[in-house]
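Take a look at the letters that make up each chain.
4 protein chains.
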Amino acid sequence: MQIGMVGLGRMGANMVRRLLKHGHDCVVFDVNPENVAALVRQGATGATSPDDLVAKLSPPRAVWLMLPAAITPKIARDFAVKLSAGDTVIDGGNSFYRDAIDLAAEFAINGVDFIDTGTSGGVWGLERGFSLMIGGPVAAVQRLDPIFASLAPGAGQGIVADPVTGTAPMGYLHCGPSGAGHFVKMVHNGIEYGVMAAYAEGLNILKAANAGMQNRAADAETAPLAHPEYYQFDIDLPAVTEVWRHGSVIGSWLLDLTAEALKQDPDLDQYGGRVSDSGEGRWTLQAAVETGVPAPVLASALFERFSSRGEAEFAGKVLSAMRNAFGGHLEKAK
Amino acid sequence: MQIGMVGLGRMGANMVRRLLKHGHDCVVFDVNPENVAALVRQGATGATSPDDLVAKLSPPRAVWLMLPAAITPKIARDFAVKLSAGDTVIDGGNSFYRDAIDLAAEFAINGVDFIDTGTSGGVWGLERGFSLMIGGPVAAVQRLDPIFASLAPGAGQGIVADPVTGTAPMGYLHCGPSGAGHFVKMVHNGIEYGVMAAYAEGLNILKAANAGMQNRAADAETAPLAHPEYYQFDIDLPAVTEVWRHGSVIGSWLLDLTAEALKQDPDLDQYGGRVSDSGEGRWTLQAAVETGVPAPVLASALFERFSSRGEAEFAGKVLSAMRNAFGGHLEKAK
Amino acid sequence: MQIGMVGLGRMGANMVRRLLKHGHDCVVFDVNPENVAALVRQGATGATSPDDLVAKLSPPRAVWLMLPAAITPKIARDFAVKLSAGDTVIDGGNSFYRDAIDLAAEFAINGVDFIDTGTSGGVWGLERGFSLMIGGPVAAVQRLDPIFASLAPGAGQGIVADPVTGTAPMGYLHCGPSGAGHFVKMVHNGIEYGVMAAYAEGLNILKAANAGMQNRAADAETAPLAHPEYYQFDIDLPAVTEVWRHGSVIGSWLLDLTAEALKQDPDLDQYGGRVSDSGEGRWTLQAAVETGVPAPVLASALFERFSSRGEAEFAGKVLSAMRNAFGGHLEKAK
Amino acid sequence: MQIGMVGLGRMGANMVRRLLKHGHDCVVFDVNPENVAALVRQGATGATSPDDLVAKLSPPRAVWLMLPAAITPKIARDFAVKLSAGDTVIDGGNSFYRDAIDLAAEFAINGVDFIDTGTSGGVWGLERGFSLMIGGPVAAVQRLDPIFASLAPGAGQGIVADPVTGTAPMGYLHCGPSGAGHFVKMVHNGIEYGVMAAYAEGLNILKAANAGMQNRAADAETAPLAHPEYYQFDIDLPAVTEVWRHGSVIGSWLLDLTAEALKQDPDLDQYGGRVSDSGEGRWTLQAAVETGVPAPVLASALFERFSSRGEAEFAGKVLSAMRNAFGGHLEKAK
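Residue numbers (this note's numbering), protein chains in the order written: chain A, 1 to 334; chain B, 335 to 668; chain C, 669 to 1002; chain D, 1003 to 1336.
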């Protein structure tokens, strides 16, 4: 099946490669011509501009966008005006689900379908397949089934639909009307932040298991460590994360990756600990707040990322100022 | 190799079965004689009392305890006095790691070794193998290596030790001196609580994706839902959890089990939502607090369990009393 | 000075009374004619409809709305069309600050000013005065200064403006352009939730200081209480909250009210513990999330309110289902 | 009444000054002779050693300790052996309440009473009086009533005991048997951390109200700010905290101090934002965890302090390593 792909970063390029491998015809465009050239060498058809990409597609056309959330709605609109009734725009990025609802309604006026497809799998998707969470009109989603089926992990593995969960065992799912795909992906990422933070906090505690072997100040500004004799362990984090991968309750793909990373660099010295967040964790929290659902774990995970980037600094200054004001406590130097 | 097993509940009984399958000689005891009889039928040697169990073991004896944390230290001491220098007591339960440090020092006086072995794998361990986190003296741990190797998932699968992580790829690990095994298992369970809570909160948010289709009060006591048009999704949780299992970043064994549970009972009506906690989550938090490591995600996960059992009720009453006092807000009926 | 007041609930009625006391001319309207009649008996001029209220005001008119957030924008628009250039609409309710920005821009087209005024003080404002956080165009805010000054606590107490903080010591403040008043009030309430929760959690812990005197199950589903001998206190909460009011670091008006409430009803049996939230806590969190500011305390406080209303139930069911799936743990009955 | 005071830091020295002002006879000792000399100039009797202090007291002696928690038990034991039956040791520091229970039982063998007295009020206690939370045997507490009454805020103000809350309105309270005083003070400080954090987070959000006026990256690593037009406020924090002091629901002594600090230094540039914690917040959390009481707000407040000192760094590195591993996300530089 023919498809246009716009945005050939890590994710987009790998999706094209996987589609080519499964025999699809990919017309590709990126603002960086080198990214286009690389995929042309692997069998894709290059486009020199959005117009060129549209011209190279046969109706009903399908244009898949893999772009940063901040610019996706604008680019989607740019394409929608170049397309005709019966064509489809697919947004596979980490966009806000409400944009999908709005864009779908807007494009429907001219008969252009809009499909929002949450795409998980990271840089491993080329090899493992991508987990796809799809929202949009039934007919358009069904028309693109061969594309979804090839991107998903089940491709070529003889997995069949399940009477209860449909195509889910193959690794893709039509989750509902426009927005449902990005909504499910949003919550997926919210969960991802929480799961990651659980591991990260636990490993930080394991690292501190030798606290009793450190010197500790004994002044009124420092909480005493009551039982140093119980904190005398030097835990081997690469080995512990490895053993957890085998038969423990917390085995997971994220743990697999963490164990590997720790094996390469046990102290993770190459990182500074400033953690980015890219939108979905925030939107998940917004959804929780608006619908009145408690989400303290997901919120804590998000706030830890903010704090890792220094965003709690002024709050800390307020606390130090208060402590000085009521108790004459001077802030300790680093 | 010969081993005595005391405590034949879900975990202990399955461990005996796995050891029998791998050709070990198991002498078993439980306060409930039926539990003993059941394993005798499967090839174990039954004991009628702790003394009988000790009598049926040949030196150097090894007695493995799988008991609730609250009674383990007492039973361990009862056995220690029946044993001789060179014998070993293994605690495979979810005990506090400090008890292991204390018991090991106590028993060492008479030459009895004590090994603390965190055991993960739940009711699936018989089939999948158990992930073992071991603390204690090197010689005793090495003496019992055949037992650990058989219990662990690697048994009979041709997996070999790794130059960096040793036996970890086989699913068992000597984590350090006495207490290290239970310490690592404690943090494992702390992480487990956090990971579980991340999924649970996320699924709760997905369930609320239809909030815009519900009626909502419009009074000063109710936060308005600004955009009901963006909460119009009926998400199919069994299908979504299934699709996440295939290629997504949050794939895990816990997700596998969750998807299966939702497939059987999409609304989980058989549960009331009162969640137990059995110690390790609390001790993990205590370790975090004592060593000064931030653990907001693990803490939130634990507190959600407390709240699920009604333990926040008085705090809620205080809040309602305050709201009434300053604003004349009457508490809304259920 | 003349002012129209719409919405004569607890807050609106008390504000009228305070304005009357300070010699202002109040024209009042409410959908409930009894609320109007009650204030007419105290010196206000009654209106029978929005049109009647507008007719009874002399230009430049000022109409102050004290209404639930969910209906305020609609009613504000209804009045704006009845008013003329130079008139002012003031929203003193707990409205979303973005509505203020939007409404101000909308009304400005016809020369009608819109002022957003966060109003704190609860049912005690009549006596203590109301703390006012004001946003809007400078000229309009200055025109209404006599009203703000009378409502605020400083009225008639000889307090004067401060060179650094202006009118703040009198209890009212022009915080910035449209929306700034409600933004500051929003964060005020976000803080309020956090402060309230801190007291509520602390009192709940004090109540549990007798945990060692209770019976406790000793099974694998229950965390053991390691040291019951250290939880043998029956704490007198009315006395403790009272002593904290005198010289302690946590003295506050909320504590004053809490101590009084506990004195009347030490177990707070008249409350069920289901705590409402009315919008600002949610919006505060949304602002924190959007701007990337960590707010774990404010988030936790909000989520506790959600949980108190049973909104965590499905998450609890997911946790119980997981525990059953991996460990065969049956949920304990209440 | 005669009393010995040991530990003449900020708190101890001010307590001596207040006792002298109320006519008590104070014998004072500190490891720093200058601290002794300063108080001798103000009317106290100096002691050159613990033995000298004991010698200068007439039976029944009372020795009040104001020392860091880490050394208090040792010093208390040193004094206990120098004292006789009928004498009393008072610990007024921020000690762990369990030490009080243990020390009281230990000293009782020789008839020496031990009283634990939580002391709040900070450097302002000299002027405002100290809020005292007292635990210990009834007779000993009553014997020292003149001391407690003079230290407390009610001293000389004609406040009398209340039929319901006893001496609480005067600012001191016998909370229960040994340990009860420090337990109540511990929870007091736990609450204090939560209240402080609520203000600090809220002020941090207010500071970010101008986020829409800042430039923001538009890449896949940065969450977009959807509505910059709604974040255009430069909030005057000194003025806002001042207005909140007058009639708002969140008025408190801590807010009074915060407003003053912001007035002196609106950006709090003299602080780095590294916040100490001195034990009670940790013990409060431990009590919550052990008794199964949810305390997410108090926990979050404590963890923010840990994070402010860099203790989350390794967790952040784990998160960055995971993000790199699954998504090829490179950590952004500062």
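Hints are computed from structural coordinates only; laboratory data are not their basis.
The structure presented is a predicted model; accordingly, all values stated were derived computationally and were not measured.
All C-beta atoms, glycine included, are put in the ideal place defined by N, C-alpha and C.
Incorrect hints may appear among the rest.
[As the list claims (entries may be wrong)] According to the in silico footprint, chain D covers these stretches of chain C (three or more CB under 8 Å from chain D):
#	region
1	696-706
2	815-826
3	846-855
4	859-865
5	895-908
6	976-984
Tested hints:
no.	hint	verdict
1	696-706	violated (count 0)
2	815-826	holds (count 3)
3	846-855	holds (count 5)
4	859-865	holds (count 6)
5	895-908	holds (count 12)
6	976-984	violated (count 0)
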